Amino acid sequence: MKSVRRAFDVIDVLWKLDGAGPTEVANEMDVPQSTAHVYLQTLQSTGYVVNASGTYELSHAFLSMGSRIKHRNKIYQVSQQPLQDLADETGELATVVIEEEGECVFLHNVSGEKSIELGLYAGLTTPLYSHAAGKAILSQLSVDRVNEIIDRQGLSPVTSETITDRERLLKELETVRSDGYAVDWDQQIEGMGTIGIPIVVDDQVRGSISIACPTERVKDKSYRAKLLNKLRETNETVTIKYQYGS
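With the sequence shown counted from 1, adding 790 to any position gets you my numbering.
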C-alpha cells in the first residue's frame, strides 16, 4: 500500500509542477534522486506518465479516464441539454455539480452570451460551504453529515465574504432547505453571485444546478426571480430525465 500511495504522491508532484525531472521530484518528496527516478520510470511504463526530453509529465491517459468518468455519470448525461438551454435562455453561466468526499465537484458548465469566463473545468473542486450550488447540496444532508464534513474540511475563508462560522452556516442551510434554493454573494469569487438548486431524486440529493453572474446583477430582486424561475424549470427537467430517462 505504501508504494501505491507513493505513486500517487509522484502524480501530485507532476501535476503541481506541470512536469518535473527526477531531481525536482526528489526534492518535493524528500527522497533520494535514484528513488524518484525509479518511481518516474515505473509510472512511465504504465502509460500515465511520459518523458519529454528528461521532463516527466502526466500523459493524456488521465484525460481519457476523466472523460469516461464524466460521461458515465448519470447527472451529466441528463443535464447536458437542459444546462445548454439554461445558458442560452439566461445568457449566464450554468453549472452542474456533485458532492464527493465532502467537496463540491464541478461536472459540467455552459457559458451564456453574457457570462464571464471563470476558468471552470470538469473535475474542479471547491468547498461546499462557499458556493450556492454546494450549499444547496448541504441543505439536503443530515446535520450529522454536514458536521462531519465541516470537521473534516474545516471552514477556511475563500473570500472575505465566505461563511466561516459553523452555527451561521447551519442556520443558513435551514433557510435553504425551506426556500428550496441557495444564494451566495462573493463567497466563492469576489464580484460573482450564484443561485443554486439541489437535484433530489427519490429523497436523495444527486447534485445541484446553479447560475452564476456578476453580484450586481444577481442582487437585483426582479432579475434574480427570473433566473430562479428558469433554474427551477431546468431542475424539474433534469429530475424527470433522471427518474424516467430521456
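These are computed hints drawn from the structure, not numbers from a lab. Computed from a predicted model, the values in this text were never measured in an experiment. A couple of the hints might just be wrong.
[As the list claims (entries may be wrong)] The calculated DSSO-like cross-link candidates involving lysine-lysine, where the alpha carbons are at most 27 Å apart (straight line), are: (1) 904 to 1016; (2) 792 to 904; (3) 1011 to 860; (4) 806 to 864; (5) 1011 to 864; (6) 806 to 792; (7) 961 to 1016; (8) 1009 to 904; (9) 1031 to 961.
[Claimed, not checked] Per label pair, the in silico range of CB-to-CB distance: (10) 857 to 906: 37 to 45 Å; (11) 864 to 942: 21 to 29 Å; (12) 906 to 856: 36 to 44 Å; (13) 968 to 836: 29 to 37 Å; (14) 854 to 968: 52 to 60 Å; (15) 961 to 848: 12 to 20 Å; (16) 1035 to 813: 50 to 58 Å; (17) 1009 to 851: 41 to 49 Å; (18) 943 to 831: 12 to 20 Å; (19) 849 to 1013: 41 to 49 Å; (20) 851 to 1016: 28 to 36 Å; (21) 792 to 874: 39 to 47 Å.
Every residue, glycine too, gets a C-beta built ideally from N, C-alpha and C.
Honestly, which of those hints from before does the structure not fit?
-> The structure breaks hints 2, 3, 4, 5, 9, 10, 12, 13, 14, 15, 18, 20; every other hint is satisfied.
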